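A.B. asks: What follows is the residue order along each chain.
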Amino acid sequence: MKVIVHDLQEKSWQELGMRLQEKDVVISESGGCEGTDIGGLMGSCSQLVLISRCVYGGFSPFVQGVLEKCRKHFGPLLEMRHGQTHYEVKSANKNTFGMVCCFYGNNITPREEQSARILSVSDGISLQARGVRIAFYDTVDQLRQLKGILV
Amino acid sequence: MILFLDGGYTLADGSVACAESIREYARKEELISVKIEKHMDWDRIYRYLEDAHAIVLAADVYLDSVSADVLHFLEKVEQAVINGESIGGKFYAILYTELYEGEQTTVAMEVLKNFCVHANITWGRGLGIGGNKVGTAFGRRSLRNLFRTNAADFRQRSLYEQAMFIREKVQGADVYIKPEEVSRKEYIRKINHEMKKSNRVKIAHDI
Numbered sequence: 167m168k169v170i171v172h173d174l175q176e177k178s179w180q181e182l183g184m185r186l187q188e189k190d191v192v193i194s195e196s197g198g199c200e201g202t203d204i205g206g207l208m209g210s211c212s213q214l215v216l217i218s219r220c221v222y223g224g225f226s227p228f229v230q231g232v233l234e235k236c237r238k239h240f241g242p243l244l245e246m247r248h249g250q251t252h253y254e255v256k257s258a259n260k261n262t263f264g265m266v267c268c269f270y271g272n273n274i275t276p277r278e279e280q281s282a283r284i285l286s287v288s289d290g291i292s293l294q295a296r297g298v299r300i301a302f303y304d305t306v307d308q309l310r311q312l313k314g315i316l317v
Numbered sequence: 030m031i032l033f034l035d036g037g038y039t040l041a042d043g044s045v046a047c048a049e050s051i052r053e054y055a056r057k058e059e060l061i062s063v064k065i066e067k068h069m070d071w072d073r074i075y076r077y078l079e080d081a082h083a084i085v086l087a088a089d090v091y092l093d094s095v096s097a098d099v100l101h102f103l104e105k106v107e108q109a110v111i112n113g114e115s116i117g118g119k120f121y122a123i124l125y126t127e128l129y130e131g132e133q134t135t136v137a138m139e140v141l142k143n144f145c146v147h148a149n150i151t152w153g154r155g156l157g158i159g160g161n162k163v164g165t166a167f168g169r170r171s172l173r174n175l176f177r178t179n180a181a182d183f184r185q186r187s188l189y190e191q192a193m194f195i196r197e198k199v200q201g202a203d204v205y206i207k208p209e210e211v212s213r214k215e216y217i218r219k220i221n222h223e224m225k226k227s228n229r230v231k232i233a234h235d236i
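Residue numbers (the working numbering), protein chains in the order written: chain D, 167 to 317; chain H, 30 to 236.
Just so you know, these hints were derived from the structure itself, not from any lab. Owing to the predicted nature of the structure, the values given are computational and were not obtained by experimental measurement. Incorrect hints may have been included.
To be verified - Some chain H residues close to chain D (C-beta under 10 Å, calculated; not the full set):
| hint | residue |
| --- | --- |
| 1 | Glu107 |
| 2 | Glu190 |
| 3 | Ile217 |
Stated by the list, open to error - Some chain D residues flagged as far from chain H (calculated, every beta-carbon gap over 12 Å):
| hint | residue |
| --- | --- |
| 4 | Arg185 |
| 5 | Gly197 |
| 6 | Val229 |
| 7 | His252 |
| 8 | Arg277 |
| 9 | Gly314 |
Unchecked claim - Pairs of lysine-lysine, DSSO-like flavour, derived with a Cα cap of 27 Å:
| hint | chain 1 | residue 1 | chain 2 | residue 2 |
| --- | --- | --- | --- | --- |
| 10 | H | Lys105 | D | Lys235 |
| 11 | H | Lys57 | H | Lys198 |
| 12 | D | Lys235 | H | Lys64 |
| 13 | H | Lys67 | D | Lys177 |
Cβ coordinates follow ideal geometry from the N, Cα and C atoms, glycine included.
All chains should be modelled from the sequences, with the hints used to inform the complete structure.
C.D. replies: Printed below as a string of C-alpha cells:
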C-alpha cells in the first residue's frame, strides 16, 4: 500500500494521471484528512510519498501539518541511532518502507535544494524508512515524471 | 521594540518562559509577545513587524522543521513584504528540541534563514537548544540533585547571551547547545524512565 501526501489543487492532481491501486491512500487538502489515522497509515505502508511545494527548503504547511499528525506513533521514548538521539518508532513497517520526497517550485535556489535534501534524509532516518528518494521539479506539470519513481 | 513570536514552545517546561527571560535580559526594551495561530489580526501584526528592531521567533522543532502554523505565518509575512511592507528589524530564532543534541535544530534553522532571504530580512542569530526535557526528569527530588548545578541553567546562560545580541541589534554566529552536565546516555535513560512512570500512573488512574 502506498500513502501519498500532496498539497496540489485537485485539478492538478487529476491531471498527473497517477495510476493507483485500490489499497493506496491519498491525503490532500482538498480531500480532507480529519479523522484519518494518518499515523496508522504511515506505519503500515510500503511506500510513503510526499509531494510538496518547496517552502524555504522544506515542506509546505499542509505536508508538514500531516507529518505532525503522526506524532503519537512516534516516541515518547528516546533511543540512540547513528550516534544521535531519536524518538523510538513504534510502526510495524520500520526499516521496510520506502520514502519518496518530491519538491516542486520555480526558482528553488541551490541552498533551498540542499536544505530540502538534508531535511528529507533526516526525516527518513527519524521515521526509520528503508531508504529515501528525493526529486525536484520546476513545475507541477513536470510531476508527471513521478510515475517512473513510484512502485 | 522587540516582537516576540511564540511559535509554540511548549516543550520549554520547568524553566522560566522564554519570553520572560528575553524581557528580563533586554531590560528597558519594550517586548510585545504574539502567539502564532491559524487566525491572526494581520493589520496589528504588520504594524508590529514594521516597528520592531528585532523579531524573535521561539518554537519547537519536530521532524527537523518548525510547525505548519509557523510556516504558514512566514509565508504570509513574505507575501506582505512583496506587497510593500517594510521590515527593518533583524530576525532571531530560538529553537527547542527534546532530542539531546541542539544541532538537531540545524535544518529548521536553515529553513528560517531561507525565509529571511525571501522576505529580505536580515538574519540576526540562531540559538538551537537540545535536551529540553531537562528540568522535568532532572527535578529536585533527591538530595544529590540539590547539590548539583541545576541542569536547567544551561538554557538560561544561552538565553541571556541571545538577549544581549537582540538588545544590541547585532548579528552573530548561530549557537547549538545541549545539557553538558548530563551525558546523552543518562538523558535518554532518565527521560524514558519518567515517560514509563507517567504512563503507569495514567493507566492506574484510568483503572
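A.B. asks: Hint by hint, note whether the structure agrees.
C.D. replies: We went through each hint and held it up to the structure:
1. The interface hint given for Glu107 (chain H) is met, as the beta carbon of that residue sits about 9 Å from the closest beta carbon of chain D, less than 10 Å.
2. Interface restraint check for Glu190 (chain H): the shortest CB-CB distance to chain D comes to about 24 Å, outside 10 Å, so the restraint is violated.
3. Among the interface hints, the one on Ile217 (chain H) holds; its C-beta lies about 5 Å from the nearest C-beta in chain D, closer than the 10 Å criterion.
4. Listed as a non-interface residue, Arg185 (chain D) keeps its Cβ farther than 12 Å from every Cβ of chain H; the least gap is roughly 29 Å.
5. With a cut of 12 Å on Cβ distances, Gly197 (chain D) stays outside the contact zone with chain H, its closest approach being about 17 Å.
6. Not every Cβ of chain H is farther than 12 Å from the Cβ of Val229 (chain D); the closest lies at roughly 8 Å, contradicting the non-interface assignment.
7. A beta-carbon of chain H is positioned within 12 Å of the beta-carbon of His252 (chain D); the least distance is around 7 Å.
8. The Cβ of Arg277 (chain D) does not lie farther than 12 Å from every Cβ of chain H; its closest approach is about 6 Å, which violates its non-interface assignment.
9. Look at Gly314 (chain D): its CB is around 27 Å from the nearest CB on chain H, clear of 12 Å, so calling it non-interface holds up.
10. A C-alpha spacing of about 23 Å is found between Lys105 (chain H) and Lys235 (chain D), which places the hinted pair at or below 27 Å, so the restraint holds.
11. With a CA separation close to 14 Å, the supplied pair Lys57 (chain H) and Lys198 (chain H) stays within the 27 Å bound.
12. Pair hint Lys235 (chain D) plus Lys64 (chain H) holds up; C-alpha atoms about 21 Å apart against a cutoff of 27 Å.
13. Between Lys67 (chain H) and Lys177 (chain D), the direct Cα distance comes to roughly 25 Å. Compliance with the 27 Å bound is thereby established for this hinted pair.
When each numbered hint is compared with the structure, violations occur for hints 2, 6, 7, 8.
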